[in-house]
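Keeping their order, the protein sequence lines are chains A and B. Under our numbering, the first residue of the first sequence is numbered 145, with each subsequent residue one higher. Under our numbering, the first residue of the second sequence is numbered 76, with each subsequent residue one higher.
Warning: the hint list may mix true and false statements.
Restraint ranges, calculated between C-beta atoms of paired labels, are given here [claimed, not checked]: (1) A:Pro184 <-> B:His82: 12 to 20 Å; (2) B:Thr157 <-> A:Arg161: 46 to 54 Å; (3) B:His82 <-> A:Pro226: 27 to 35 Å; (4) A:Ala239 <-> B:Glu138: 21 to 29 Å; (5) B:Ser164 <-> A:Tyr183: 35 to 43 Å; (6) A:Ser195 <-> B:Gln117: 26 to 34 Å; (7) A:Ser213 <-> B:Ser90: 48 to 56 Å; (8) A:Ser195 <-> B:Thr132: 40 to 48 Å; (9) A:Ser195 <-> B:Val78: 18 to 26 Å.
One side of the interface only, derived from the structure: several residues of chain B facing chain A at Cβ under 8 Å [what the hints assert, rightly or not]: (10) Asp102; (11) Phe103; (12) Gln117; (13) Ser118; (14) Leu119; (15) Leu121; (16) Thr124; (17) Ile168; (18) Asp178; (19) Pro180; (20) Gln181; (21) His182; (22) Gly184; (23) Gly186.
Treat the hints as calculated values from the structure; they're not laboratory data. The beta carbon of each residue, even a glycine, is placed where N, CA and C say it ideally should be.
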Amino acid sequence: DQQVKQNSPSLSVQEGRISILNCDYTNSMFDYFLWYKKYPAEGPTFLISISSIKDKNEDGRFTVFLNKSAKHLSLHIVPSQPGDSAVYFCAASAAGNKLVFGAGTILRVKS
Amino acid sequence: GAVVSQHPSWVICKSGTSVKIECRSLDFQATTMFWYRQFPKQSLMLMATSNEGSKATYEQGVEKDKFLINHASLTLSTLTVTSAHPEDSSFYICSARETGGWDQPQHFGDGTRLSIL
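Please model the complete structure; the sequences and the hints are all you need to start from.
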């Protein structure tokens, strides 16, 4: 049973435009959510996180939105840059327990 | 930022060999470290949670006698794949969580590509 789903395997965006990566979850006990970025042959790099007491967290070009009623979170990257091209994973945990990862979305930013 | 070093990055060895992978947090202390496995085109799957000074907690289906985990200090955890066989070939990644609570993010190493011939 996939508790964290990233339904779009890939996304292609023009440089300078907004990239929106989506993630859905099923476990209502999840209270901490993270986004990671991964290049080939490297480990994931932490980007941004949000706890369930918030609905938005912003860090530079990256903003994460959380909609608890819909069990949905999204990562917005504005403006998108070619260096943002990577695989993006969302992850969730409940009360400090293990992280559960989505399958990832490949983002390609075209120049 | 927080840096996690994983070594070696690539191992090729014969079937029956035991392989040790090291995971170090370089600029922070990590009470808890995690070991993941990633199959091609799939997400990260947690194998075990390692707490400094205590026994690791293994996920269901992971053989603890096969995958030995030691977390002897706040900056080092090791995973030993004992008597490795071709089906153990995979990409293994460790992560470390900074001390300070469950809401600290995990920081990942760059992974170890293990190929068993």
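Next item on the list: If any of the earlier hints don't hold here, list their numbers in rising order.
Entry: 5, 8, 10 and 11
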